[in-house]
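Protein chains: 2
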Amino acid sequence: MSVLVECGVIRTRPKDALAARLVEIFDGITEILARHRPDAIAVESVFYSRNVRTTVTLGHARGVILLAGQQAGARIHEYPPAEIKKAICGTGAASKEQVQFMVARLLRLKHPPSPADAADGVAAALTCLMTARIDALAGRR
Amino acid sequence: MSVLVECGVIRTRPKDALAARLVEIFDGITEILARHRPDAIAVESVFYSRNVRTTVTLGHARGVILLAGQQAGARIHEYPPAEIKKAICGTGAASKEQVQFMVARLLRLKHPPSPADAADGVAAALTCLMTARIDALAGRR
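Chains as they are written, first to last, in my numbering: chain P, 421 to 561; chain S, 421 to 561.
Just so you know, the hints here were simulated from the structure itself, not pulled from any lab data.
Worth double-checking, as some hints may not be accurate.
Lysine to aspartate or glutamate pairs mimicking EDC-like chemistry, simulated, CA-CA at most 20 Å apart [unchecked claim]:
{"#": "1", "chain 1": "P", "residue 1": "K435", "chain 2": "P", "residue 2": "D447"}
{"#": "2", "chain 1": "P", "residue 1": "K516", "chain 2": "P", "residue 2": "D537"}
{"#": "3", "chain 1": "S", "residue 1": "K506", "chain 2": "S", "residue 2": "D537"}
{"#": "4", "chain 1": "S", "residue 1": "K435", "chain 2": "P", "residue 2": "E498"}
{"#": "5", "chain 1": "P", "residue 1": "K435", "chain 2": "S", "residue 2": "E498"}
{"#": "6", "chain 1": "S", "residue 1": "K506", "chain 2": "S", "residue 2": "E517"}
Sequences and hints are given; from them, build the entire structure.
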């Protein structure tokens, strides 16, 4: 059975310069990786929002997260958001609330992870674990 | 008069995983910053290409470059590509060759920086210097 050790979100101030915010994200992720030393990291693949500017800013953030993961020597797995929702809720169109509910159920938590973004992160990690198990059962690695 | 100390490009292998390429870019920039300890860094602002995927991948690379710059304590200046071309060549529609030619002229180089991407980097740095001078003359800082 999978056990949730820690989950959360890193928040930065929108008023701060992008470079300063990237340092905060990088330092936050690096600290968590040093603390838990994971073998693998699951990251949502790029979400192409209707607003290209948002997608590109997100790309900057993903860049420093992938950097931190690679520096820590972890295997990096990427999953499209719809694939994560499908793995956890059975449908790629699941709502934030459905993801929170299913994450809580699968991990036998008393309360769903909050905020919803933290639950999304846990859902990505669970997708990674489930995929690894299916691969193991099928004799793949 | 401005003097060119070093210019160049960091190339990564397109076949490598994005995270590995980001580490190469980050390490390369960090090494250069440690060697020259610049007060300021000039970076092209995001170029929205017709291919959103390219723009987003570029966002990842910019993310680790801005991170390296901020970690090194340098002031980061961003300029749209057209503004750089206008400052150096007089027109925002200048060709790669025109930028190479003008960069060589302004810095009294025997040969224009090559490849053209290296000249673009030098052009961004020159734009930063010219803007700083104009601000100083106008009593701004």
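**Item:** Enumerated hints in conflict with the structure, sorted upward
**Value:** Hints that this structure does not satisfy do not exist here, as all of them hold.
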